[in-house]
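Got chain F; can you put chain U on it based on the hints?
Protein chains: 2
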Amino acid sequence: MTMSKNKKAVLLLSGGLDSTTCVAIARSQGFDIYGLSFDYGQRHMIELQAAARVVAQMGLNGHVTAKIDLRLFGGSALTADIAVPKGRGGDGMASKAQGKVQGKDQGKVQGEIPVTYVPARNTIFLSFALAYAEVTGASDIFIGVNALDFSGYPDCRPDYIAAYQAMANLATRSGIEGGGQIKIHTPLIDMTKADIITLGLALGVDYSITTSCYDPAENGDACGQCDACYLRLKGFREAGHSDPVAYIARGNNDL
Amino acid sequence: MTMSKNKKAVLLLSGGLDSTTCVAIARSQGFDIYGLSFDYGQRHMIELQAAARVVAQMGLNGHVTAKIDLRLFGGSALTADIAVPKGRGGDGMASKAQGKVQGKDQGKVQGEIPVTYVPARNTIFLSFALAYAEVTGASDIFIGVNALDFSGYPDCRPDYIAAYQAMANLATRSGIEGGGQIKIHTPLIDMTKADIITLGLALGVDYSITTSCYDPAENGDACGQCDACYLRLKGFREAGHSDPVAYIARGNNDL
Numbered sequence: 141m142t143m144s145k146n147k148k149a150v151l152l153l154s155g156g157l158d159s160t161t162c163v164a165i166a167r168s169q170g171f172d173i174y175g176l177s178f179d180y181g182q183r184h185m186i187e188l189q190a191a192a193r194v195v196a197q198m199g200l201n202g203h204v205t206a207k208i209d210l211r212l213f214g215g216s217a218l219t220a221d222i223a224v225p226k227g228r229g230g231d232g233m234a235s236k237a238q239g240k241v242q243g244k245d246q247g248k249v250q251g252e253i254p255v256t257y258v259p260a261r262n263t264i265f266l267s268f269a270l271a272y273a274e275v276t277g278a279s280d281i282f283i284g285v286n287a288l289d290f291s292g293y294p295d296c297r298p299d300y301i302a303a304y305q306a307m308a309n310l311a312t313r314s315g316i317e318g319g320g321q322i323k324i325h326t327p328l329i330d331m332t333k334a335d336i337i338t339l340g341l342a343l344g345v346d347y348s349i350t351t352s353c354y355d356p357a358e359n360g361d362a363c364g365q366c367d368a369c370y371l372r373l374k375g376f377r378e379a380g381h382s383d384p385v386a387y388i389a390r391g392n393n394d395l
Numbered sequence: 141m142t143m144s145k146n147k148k149a150v151l152l153l154s155g156g157l158d159s160t161t162c163v164a165i166a167r168s169q170g171f172d173i174y175g176l177s178f179d180y181g182q183r184h185m186i187e188l189q190a191a192a193r194v195v196a197q198m199g200l201n202g203h204v205t206a207k208i209d210l211r212l213f214g215g216s217a218l219t220a221d222i223a224v225p226k227g228r229g230g231d232g233m234a235s236k237a238q239g240k241v242q243g244k245d246q247g248k249v250q251g252e253i254p255v256t257y258v259p260a261r262n263t264i265f266l267s268f269a270l271a272y273a274e275v276t277g278a279s280d281i282f283i284g285v286n287a288l289d290f291s292g293y294p295d296c297r298p299d300y301i302a303a304y305q306a307m308a309n310l311a312t313r314s315g316i317e318g319g320g321q322i323k324i325h326t327p328l329i330d331m332t333k334a335d336i337i338t339l340g341l342a343l344g345v346d347y348s349i350t351t352s353c354y355d356p357a358e359n360g361d362a363c364g365q366c367d368a369c370y371l372r373l374k375g376f377r378e379a380g381h382s383d384p385v386a387y388i389a390r391g392n393n394d395l
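First to last, the protein sequences are chains F and U.
Plus 140 on top of the position in the first sequence (first one is 1) and you've got the working numbering.
Plus 140 on top of the position in the second sequence (first one is 1) and you've got the working numbering.
In short, the hints are calculated from the structure, not lab data.
Estimated spans, in silico, between C-beta atoms of each pair:
{"hint": "1", "chain 1": "U", "residue 1": "K323", "chain 2": "F", "residue 2": "P298", "range": "18 to 28 Å"}
{"hint": "2", "chain 1": "F", "residue 1": "E358", "chain 2": "U", "residue 2": "A389", "range": "51 to 61 Å"}
{"hint": "3", "chain 1": "F", "residue 1": "G170", "chain 2": "U", "residue 2": "S348", "range": "49 to 59 Å"}
{"hint": "4", "chain 1": "U", "residue 1": "D346", "chain 2": "F", "residue 2": "G277", "range": "36 to 46 Å"}
All values reported here derive from a predicted model rather than from experimental measurement.
For glycine and all other residues, C-beta sits at the position ideal for the given N, C-alpha and C.
Here chain F stands alone, though its shape is the one from the complex (with noise of 0.2 Å):
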């Protein structure tokens, strides 16, 4: 076996749109790919399925899934038992009407965050790709986050990322001993979902294998009604192209 000559990067694999097409990314860019999964206690496996096709499909070098149980917070209606908000309001952010919450966080402010929102998930996504990044030897780290589409996410805008690197290069051993900087790429982070598609389809990626829906059916149909099925199919429409996955239904978003 020889060794890579390449960068090593590691990649936060949701085996969404977004972080598969930071693959095809990366890779264009020359790193050598090891992706990071989360089992976070969400309703479905249908991400995590997803995301073992990205990396057998396009070979990444190394892929860890981290098994982290976010529903001991609660708080979000991706972890806890709270409904996923159905149909938007075409303003980049679920209506609070829509996304009222139910049982134990029922009158709790949300202001315009929604409710999927997880307590500081990518936080802790970027933490432990940190911790990955440093024991395989990486010093740049993708994450497919971005502020156009964010819906509202605090954890997903440019000065966030900025202050994670800054923190991050006094966090680990590089900041001691003089290592690499570490980076934290972010190459989607100002393109909205119809640029993402674009991109993705011209280097090469099969967005077939994704999936992005906050509330698939067991057979891992998109619903097609939910914040994340509204982004992805209004961005495949504005790209000029179908979505290749299956919906229970597409609604009016489709082409």
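Only chain U this time, still in chain F's reference frame:
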């Protein structure tokens, strides 16, 4: 049940001497305390048993244990198949010879950071604390890091903590919604172990319920020879007290 008017703080609770002293300090400052412990694939459950004793005896307002598997990444004597170094050069650093790694990590340059360092551990722990703080409505996080006895861990330094706090204030709802600013308290950061013990005893801490050893016997007795035992026994000696916990052997470090 009346609601407490106290401010809430999340406190990283290992059941060790430092974090238990932090409980007493946070309480003396009027905080309601929500303890956060980790089941992180460490070799022993002795720490979690000590944390449970602290929660019960000191009456914390909440406590959760997050299960995360840092063994996934390897790279540390505390989580992977690497021998815990015994003995200590007395220079604040486990010697490289004693810290020689075994197995798959053999040959990796460990530099001036001991093999007991867990990659990105405090970064991961603080990220979970941030999630717990957001869910409980706490703006304050206590972590018992120490820059004097820090044994070369990069993520125990004041500039790291400051950078983490800056990042945390961009990561959460409060960053968008104008809630309370996150403050990370490190009351022990400039204290010697003897200072910590002296303060803790003044605040009524019962150190017999705590544990510090990296490599305890099955019955919980401390080894008396690892880096953590060395620092703890030295601290008690300098504070003029005898450590109330049981040791297999205290070597020359006890009173």
